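In the order they appear, the protein sequences are chains A and B.
Take the position in the first sequence, starting the count at 1, then add 5; the result is the number in this note's numbering.
Take the position in the second sequence, starting the count at 1, then add 5; the result is the number in this note's numbering.
Since the hints were derived computationally from the structure, they do not count as laboratory data.
Please note that the accuracy of each hint is not assured.
Stated by the list, open to error - Computed footprint of chain B on chain A; a stretch qualifies when at least three of its residues, placed anywhere within it, have a C-beta under 8 Å from a C-beta of chain B: (1) 32-45; (2) 65-74; (3) 109-123.
To be verified - A few chain B residues facing chain A, derived, Cβ under 8 Å: (4) Asp-35; (5) Gly-68; (6) Glu-70; (7) Ala-95; (8) Val-97; (9) Gly-104; (10) Ile-383.
Stated by the list, open to error - Straight-line Cα separation of at most 30 Å, DSS-like style, residue types lysine-lysine; simulated pairs: (11) A:Lys-40 x B:Lys-85; (12) A:Lys-85 x B:Lys-151; (13) B:Lys-244 x A:Lys-40; (14) B:Lys-16 x B:Lys-443; (15) A:Lys-443 x A:Lys-473; (16) B:Lys-16 x A:Lys-128; (17) B:Lys-283 x A:Lys-128; (18) A:Lys-30 x A:Lys-244; (19) B:Lys-30 x A:Lys-244; (20) A:Lys-328 x B:Lys-375; (21) A:Lys-30 x B:Lys-283; (22) A:Lys-362 x A:Lys-319; (23) B:Lys-258 x A:Lys-30; (24) A:Lys-16 x A:Lys-151; (25) A:Lys-151 x B:Lys-283; (26) A:Lys-408 x A:Lys-443; (27) B:Lys-128 x A:Lys-40; (28) A:Lys-258 x B:Lys-30; (29) B:Lys-290 x B:Lys-128; (30) A:Lys-85 x B:Lys-16; (31) A:Lys-85 x A:Lys-128; (32) B:Lys-40 x B:Lys-151; (33) B:Lys-283 x B:Lys-16; (34) B:Lys-30 x A:Lys-283; (35) B:Lys-40 x A:Lys-128; (36) A:Lys-435 x A:Lys-473; (37) B:Lys-328 x A:Lys-128; (38) B:Lys-30 x A:Lys-128; (39) A:Lys-362 x A:Lys-375; (40) B:Lys-85 x B:Lys-244.
Note that the coordinates shown come from a computational prediction; the quantities given were computed from them, not determined experimentally.
We put the CB at the ideal spot given by N, CA and C, even for glycine.
2 protein chains.
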Amino acid sequence: MDNVLKEITPKSQDFSQWYVDVIRKADMVDYAPMKGFMVIKPYGYRIWEFIQQALDRRFRETGHENAYFPLLIPESLLLKEAQHIEGFSAEVAWVTQGGQETLAERLAVRPTSETIIGAMYSKWVQSYRDLPLLLNQWANVVRWEKATRPFLRTTEFLWQEGHTVHRTAEEAEQETRQQLAIYREIMEDWLAIPVIQGVKSAGERFAGAVETYTLEALMGDGRALQIATSHFLGQNFAKAFDIQFLDEDGQRKYAWTTSWGSSTRMIGGLIMVHGDDKGLRLPPKVAPLQVVIVPIARGQETARVLAAAGELAKRLAASYRVKLDDRPEHTPGYKFNDWEMRGVPLRIELGPRDLDKGQAVLVRRDTGEKIAVAQTEILTRVGQELDAIQRNLYQQAVEFREKSTRVIETYRQTEEYGYRGFFLADWCSKESCAEQLKAETGLTIRCIPLGSQPTSSHCVVCGQPPDKRVLLARAY
Amino acid sequence: MDNVLKEITPKSQDFSQWYVDVIRKADMVDYAPMKGFMVIKPYGYRIWEFIQQALDRRFRETGHENAYFPLLIPESLLLKEAQHIEGFSAEVAWVTQGGQETLAERLAVRPTSETIIGAMYSKWVQSYRDLPLLLNQWANVVRWEKATRPFLRTTEFLWQEGHTVHRTAEEAEQETRQQLAIYREIMEDWLAIPVIQGVKSAGERFAGAVETYTLEALMGDGRALQIATSHFLGQNFAKAFDIQFLDEDGQRKYAWTTSWGSSTRMIGGLIMVHGDDKGLRLPPKVAPLQVVIVPIARGQETARVLAAAGELAKRLAASYRVKLDDRPEHTPGYKFNDWEMRGVPLRIELGPRDLDKGQAVLVRRDTGEKIAVAQTEILTRVGQELDAIQRNLYQQAVEFREKSTRVIETYRQTEEYGYRGFFLADWCSKESCAEQLKAETGLTIRCIPLGSQPTSSHCVVCGQPPDKRVLLARAY
Chain A
6 MDNVLKEITP
16 KSQDFSQWYV
26 DVIRKADMVD
36 YAPMKGFMVI
46 KPYGYRIWEF
56 IQQALDRRFR
66 ETGHENAYFP
76 LLIPESLLLK
86 EAQHIEGFSA
96 EVAWVTQGGQ
106 ETLAERLAVR
116 PTSETIIGAM
126 YSKWVQSYRD
136 LPLLLNQWAN
146 VVRWEKATRP
156 FLRTTEFLWQ
166 EGHTVHRTAE
176 EAEQETRQQL
186 AIYREIMEDW
196 LAIPVIQGVK
206 SAGERFAGAV
216 ETYTLEALMG
226 DGRALQIATS
236 HFLGQNFAKA
246 FDIQFLDEDG
256 QRKYAWTTSW
266 GSSTRMIGGL
276 IMVHGDDKGL
286 RLPPKVAPLQ
296 VVIVPIARGQ
306 ETARVLAAAG
316 ELAKRLAASY
326 RVKLDDRPEH
336 TPGYKFNDWE
346 MRGVPLRIEL
356 GPRDLDKGQA
366 VLVRRDTGEK
376 IAVAQTEILT
386 RVGQELDAIQ
396 RNLYQQAVEF
406 REKSTRVIET
416 YRQTEEYGYR
426 GFFLADWCSK
436 ESCAEQLKAE
446 TGLTIRCIPL
456 GSQPTSSHCV
466 VCGQPPDKRV
476 LLARAY
Chain B
6 MDNVLKEITP
16 KSQDFSQWYV
26 DVIRKADMVD
36 YAPMKGFMVI
46 KPYGYRIWEF
56 IQQALDRRFR
66 ETGHENAYFP
76 LLIPESLLLK
86 EAQHIEGFSA
96 EVAWVTQGGQ
106 ETLAERLAVR
116 PTSETIIGAM
126 YSKWVQSYRD
136 LPLLLNQWAN
146 VVRWEKATRP
156 FLRTTEFLWQ
166 EGHTVHRTAE
176 EAEQETRQQL
186 AIYREIMEDW
196 LAIPVIQGVK
206 SAGERFAGAV
216 ETYTLEALMG
226 DGRALQIATS
236 HFLGQNFAKA
246 FDIQFLDEDG
256 QRKYAWTTSW
266 GSSTRMIGGL
276 IMVHGDDKGL
286 RLPPKVAPLQ
296 VVIVPIARGQ
306 ETARVLAAAG
316 ELAKRLAASY
326 RVKLDDRPEH
336 TPGYKFNDWE
346 MRGVPLRIEL
356 GPRDLDKGQA
366 VLVRRDTGEK
376 IAVAQTEILT
386 RVGQELDAIQ
396 RNLYQQAVEF
406 REKSTRVIET
416 YRQTEEYGYR
426 GFFLADWCSK
436 ESCAEQLKAE
446 TGLTIRCIPL
456 GSQPTSSHCV
466 VCGQPPDKRV
476 LLARAY
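When you get a sec, could you build the whole thing from the sequences and use the hints?
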């Protein structure tokens with residue numbers, strides 16, 4: 006435990022180092038012996054499980070079922086959709102030996118599963134009665150990345166990938182948008198991360214998609230994180246994999262497909278949106294521990310305080326995720342720092358004087374506020390404060406984003422803001438302008454926000470008439 | 006859906022073909038385009054999720070936490086424990102290329118994770134205060150198998166693997182047995198599969214283990230299935246990976262470790278223990294659907310019956326997993342067969358005459374029994390019948406096992422039973438006898454049942470004095 010208490014780099018001084026310090030010292034992750042791979046420790050994995058549960062429930066409520074497809078995909082299948090393989094070829098890890106034999110055809114460790122799932126769907130979809138086909142998979146994927154960072158970009162990561170088949174383009178597009186709305190709901194209501202919903206420009210689309218919808222969130226250092234995506238694949242994969250159905254009118258038709266995914270990257274976003282110089286700040290809904298009780302007592306008083314703290318922990322445990330920190334080898338001050346580092350939303354301090362007064366002291370991780378509460382009120386008050394913390398973290402993130410979002414006329418303006426934050430601007434849709442923007446400023450077109458329109462008469466790069474409003478940022 | 010209704014091979018005629026027919030026609034699984042890989046379809050995957058939930062809850066209640074370790078393991082790590090690599094080397098799939106580069110060291114797709122976890126534990130375990138370390142992982146693993154069969158033996162499968170570290174041998178052995186007891190509880194209480202608890206003979210131990218505990222179940226064709234194992238690893242992995250801790254007495258000591266696992270193989274067991282000539286029979290606790298309602302009506306009566314069936318489905322859905330099968334394109338008879346194939350424990354038939362009498366007819370999948378129940382009693386009665394089905398499936402399996410278990414004096418007796426069933430016998434502990442047994446009869450030593458003692462004066466093979474009571478069977 007002692008490593009937890011070493012100083013972390015202040016967020017304002019070096020955000021990147023702060024991030025790495027926090028995830029290590031909050032005990033979320035460790036580095037594996039192989040470059041680019043991470044080990045997700047229990048404290049990090051528990052957050053993943055809460056996110057999984059929240060998403061899975063909504064997927065199920067909207068008619069999706071879970072299934073499991075193979076990890077390894079034959080190269081010939083991966084090659085079937087031309088744009089798709091072009092997008093992924095540089096990132097694939099290949100199995101070439103099985104046991105003692107060299108394989109006749111090498112197998113890709115799945116970077117994503119459109120191809121193997123497409124191959125199966127072409128068998129399963131025969132009639133309009135088989136549609137819509139609405140499946141989701143929880144799985145690991147591997148992408149051979151050069152520069153990695155725990156949770157944000159790792160060679161292997163955990164995710165869910167939804168893959169659906171529909172009778173009409175309209176239905177598939179509606180599915181794509183519905184899933185985006187579910188992601189938005191979970192990001193905002195569970196992770197307390199405000200997001201911008203939008204459509205990717207052609208240059209930023211998923212390999213093989215007709216339209217990619219995205220959620221973009223602003224991190225604490227003013228960079229953007231693409232936190233979930235939902236793809237309308239048109240008939241591209243249906244044609245590549247021959248997913249056809251006999252329609253009610255007796256005609257054989259190609260189906261329309263979608264895919265949508267979110268990953269352990271969300272945990273990276275959670276850290277970078279809410280963390281501060283003391284470490285993590287976790288929204289109560291996804292916090293492995295919502296309340297930690299720290300007894301404060303010495304000598305003769307110890308037994309009495311520990312007994313009362315144990316009693317309180319038991320009462321709270323019926324409704325909340327609670328831990329009593331009764332480690333005798335550490336001081337209360339050490340414990341405060343330790344649990345602040347781990348982002349536990351609420352701390353309860355309990356000492357002899359509190360007992361005499363029939364109270365306990367709640368300390369909020371988000372604001373530092375100390376609240377003396379009568380023992381009889383604690384159960385209710387804890388619930389109220391957890392709700393308040395959940396809302397406040399979201400509100401703070403919204404305020405930070407609003408403060409960091411600028412409407413600009415020319416991309417040169419981004420320099421004065423150090424290229425940090427969200428920029429709203431108009432764009433002429435030429436990829437050459439997007440490329441120039443990226444080369445000169447490091448900014449990319451994150452998305453065309455849903456429902457947005459150009460408000461000026463000139464592209465932010467070339468000055469020609471624009472046809473899209475776009476969100477610009479440097480991105481993870 | 007029409008494939009569901011094609012005939013399946015009778016169980017008594019060809020058990021192996023029956024198994025394959027059932028899993029395909031009950032829509033649990035499909036074959037992937039690559040030999041040895043399966044796709045788990047939603048109906049099969051849902052069963053896996055229920056088993057996962059049941060196990061995970063018990064693991065958590067006994068102090069274990071989930072974590073996630075990398076899929077790919079460097080060859081040098083895999084080589085560290087000599088017996089371990091010897092046991093697995095023929096089964097490993099190797100990644101040799103990442104993106105465009107050929108890897109300097111090839112990476113194993115994990116066949117099991119003792120080695121990568123051992124490498125991490127050697128960093129994490131420093132003091133006796135860090136112990137016990139109790140982690141579990143839900144993951145996919147790959148073993149390059151020659152002969153495969155869905156759920157029972159596939160190149161990739163899903164499982165959980167627990168890995169724990171302890172201060173003393175006693176504590177580690179206790180953990181090993183505790184986890185075996187949890188497996189037994191879930192097998193019996195959830196899957197309704199009776200199991201024999203035992204210890205593996207030296208020749209059948211997990212590669213690198215000091216002692217392997219196992220649960221052995223008897224399948225419908227009289228063959229055994231090893232359905233979960235729990236390994237006491239002694240200090241083998243602690244020494245290979247340098248897992249040492251500073252004990253309270255100031256001495257550095259090697260730790261004691263365990264590992265224990267169960268997989269999608271359990272679903273294979275579920276099918277082979279309970280299935281019959283009509284298809285699956287699922288224990289209610291793990292059935293994706295517990296009740297299916299089939300309205301029986303024609304012409305004018307249709308609207309009235311469908312409305313009542315919908316109403317009933319809504320009432321039941323609050324407490325049970327229910328489906329109303331209102332597909333207009335299929336007859337009631339078709340639907341009966343369809344849901345019997347899928348093993349739904351309880352069917353409710355509802356027709357105009359039932360409505361007139363204020364009743365519905367429950368039909369049990371396990372016994373075929375038809376029970377007319379007053380509408381007002383249905384909610385309660387459904388719960389009672391589901392409980393009864395859960396118990397009855399277990400009881401039937403126990404009876405089948407008892408009937409199929411023989412105490413033998415010499416291994417030649419197994420011929421008269423067609424080498425099928427469980428055989429209890431005494432053994433002298435010589436591997437040469439085990440080898441002769443296997444070569445001549447195909448039987449292997451499944452385990453030394455816990456608490457058993459030899460009851461005769463001669464080894465079942467060589468006739469020399471025995472020192473162990475053993476359970477013999479042909480095994481999957």
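For each hint, the structure was consulted:
Here the segment 32-45 of chain A counts 8 residues with a CB under 8 Å from a CB of chain B, which clears the bar of 3, and the coverage holds. As drawn, the segment 65-74 of chain A meets chain B at 5 residues by the rule of a beta-carbon pair under 8 Å; at three or more, the given contact holds. Figure legend: the segment 109-123 of chain A, annotated as covered by chain B; annotation consistent (4 residues with Cβ-Cβ distances under 8 Å, at least 3 required). At its closest, the beta carbon of Asp-35 (chain B) sits 6 Å from a beta carbon of chain A; the interface hint therefore holds under the 8 Å criterion.
For Gly-68 (chain B), the shortest C-beta to C-beta distance to chain A is roughly 11 Å, which exceeds 8 Å, and the interface hint is violated. Interface hint at Glu-70 (chain B): satisfied, since its Cβ lies 4 Å from the closest Cβ of chain A, which is below the 8 Å cut-off. Look at Ala-95 (chain B): its Cβ gets to within about 5 Å of chain A, closer than 8 Å, so that hint holds up. Here the hint on Val-97 (chain B) is kept, as its CB sits about 7 Å from the closest CB of chain A, short of 8 Å.
The criterion of a C-beta within 8 Å of any C-beta in chain A is met by Gly-104 (chain B), whose closest approach is roughly 4 Å, and the hint holds. The beta carbon of Ile-383 (chain B) is not positioned within 8 Å of any beta carbon in chain A (closest approach about 25 Å), and the interface hint is therefore violated. Note on Lys-40 (chain A) and Lys-85 (chain B): the hinted pairing holds, with a Cα-Cα distance of about 19 Å set against a maximum of 30 Å. Of the supplied pair hints, the one linking Lys-85 (chain A) and Lys-151 (chain B) holds, its CA atoms being roughly 28 Å apart against a limit of 30 Å.
For the given pair, Lys-244 (chain B) sits about 25 Å from Lys-40 (chain A) by alpha-carbon distance, which is consistent with the 30 Å threshold. Between Lys-16 (chain B) and Lys-443 (chain B), the direct Cα distance comes to roughly 26 Å. Compliance with the 30 Å bound is thereby established for this hinted pair. For the hint pairing Lys-443 (chain A) with Lys-473 (chain A), the CA-to-CA distance comes to about 17 Å; that is within 30 Å, so the pair holds. A C-alpha spacing of about 27 Å is found between Lys-16 (chain B) and Lys-128 (chain A), which places the hinted pair at or below 30 Å, so the restraint holds.
Under the criterion of a C-alpha separation no larger than 30 Å, the hint pairing Lys-283 (chain B) with Lys-128 (chain A) is consistent with the structure, at around 25 Å. For the suggested pair Lys-30 (chain A) and Lys-244 (chain A), the alpha carbons sit about 49 Å apart, so the restraint of at most 30 Å is broken. The straight-line distance between the Cα atoms of Lys-30 (chain B) and Lys-244 (chain A) is roughly 28 Å, inside the 30 Å bound, and the hint therefore holds. Annotation: proposed proximity of Lys-328 (chain A) to Lys-375 (chain B) is violated, straight-line Cα distance about 52 Å (limit 30 Å).
The suggested pairing of Lys-30 (chain A) with Lys-283 (chain B) is violated, with an alpha-carbon distance near 57 Å, which exceeds 30 Å. In summary, the hint linking Lys-362 (chain A) to Lys-319 (chain A) is supported, as the alpha carbons are separated by about 20 Å, within the 30 Å threshold. This hinted pair checks out: Lys-258 (chain B) and Lys-30 (chain A) have alpha carbons roughly 26 Å apart, not beyond 30 Å. With a CA separation close to 25 Å, the supplied pair Lys-16 (chain A) and Lys-151 (chain A) stays within the 30 Å bound.
Simply put, Lys-151 (chain A) and Lys-283 (chain B) have alpha-carbon atoms about 54 Å apart, too far for the 30 Å limit, and the pair is violated. Proximity of Lys-408 (chain A) to Lys-443 (chain A) is assessed by CA-CA distance (about 23 Å); at most 30 Å being required, the pair is judged to hold. The suggested pairing of Lys-128 (chain B) with Lys-40 (chain A) holds, with an alpha-carbon distance near 17 Å, which does not exceed 30 Å. At roughly 26 Å between alpha-carbon atoms, Lys-258 (chain A) and Lys-30 (chain B) fall within 30 Å of each other, so this suggested pair holds.
Simply put, Lys-290 (chain B) and Lys-128 (chain B) have alpha-carbon atoms about 41 Å apart, too far for the 30 Å limit, and the pair is violated. A threshold of 30 Å between alpha carbons decides the hint, and for Lys-85 (chain A) with Lys-16 (chain B) the separation of about 41 Å lies outside it, so the pair is violated. Proposed proximity of Lys-85 (chain A) and Lys-128 (chain A) is supported: the alpha carbons are some 16 Å apart, at most 30 Å. Using a Cα cut-off of 30 Å, the hinted pair Lys-40 (chain B) and Lys-151 (chain B) holds, with the two alpha carbons roughly 9 Å apart.
With a C-alpha separation of about 9 Å, the suggested pair Lys-283 (chain B) and Lys-16 (chain B) falls inside the 30 Å cut-off, and the hint holds. Between Lys-30 (chain B) and Lys-283 (chain A), the direct Cα distance comes to roughly 57 Å. Violation of the 30 Å bound is thereby established for this hinted pair. For the proposed pair Lys-40 (chain B) and Lys-128 (chain A), the alpha carbon gap of about 17 Å is at most 30 Å, so the pair holds. Among the hinted pairs, Lys-435 (chain A) with Lys-473 (chain A) is consistent with the structure: their alpha-carbon atoms are about 11 Å apart, no more than 30 Å.
The hinted pair formed by Lys-328 (chain B) and Lys-128 (chain A) meets the criterion: a straight-line CA distance of about 25 Å does not exceed 30 Å. Distance restraint check for Lys-30 (chain B) and Lys-128 (chain A): the Cα-Cα separation of roughly 14 Å lies within the 30 Å cut-off, and the hinted pair is therefore satisfied. Our distance criterion of 30 Å between C-alpha atoms is met by Lys-362 (chain A) and Lys-375 (chain A), whose separation comes to about 16 Å. At roughly 10 Å between alpha-carbon atoms, Lys-85 (chain B) and Lys-244 (chain B) fall within 30 Å of each other, so this suggested pair holds.
Of the numbered hints stated above, those contradicted by the structure are hints 5, 10, 18, 20, 21, 25, 29, 30 and 34, listed in ascending order.
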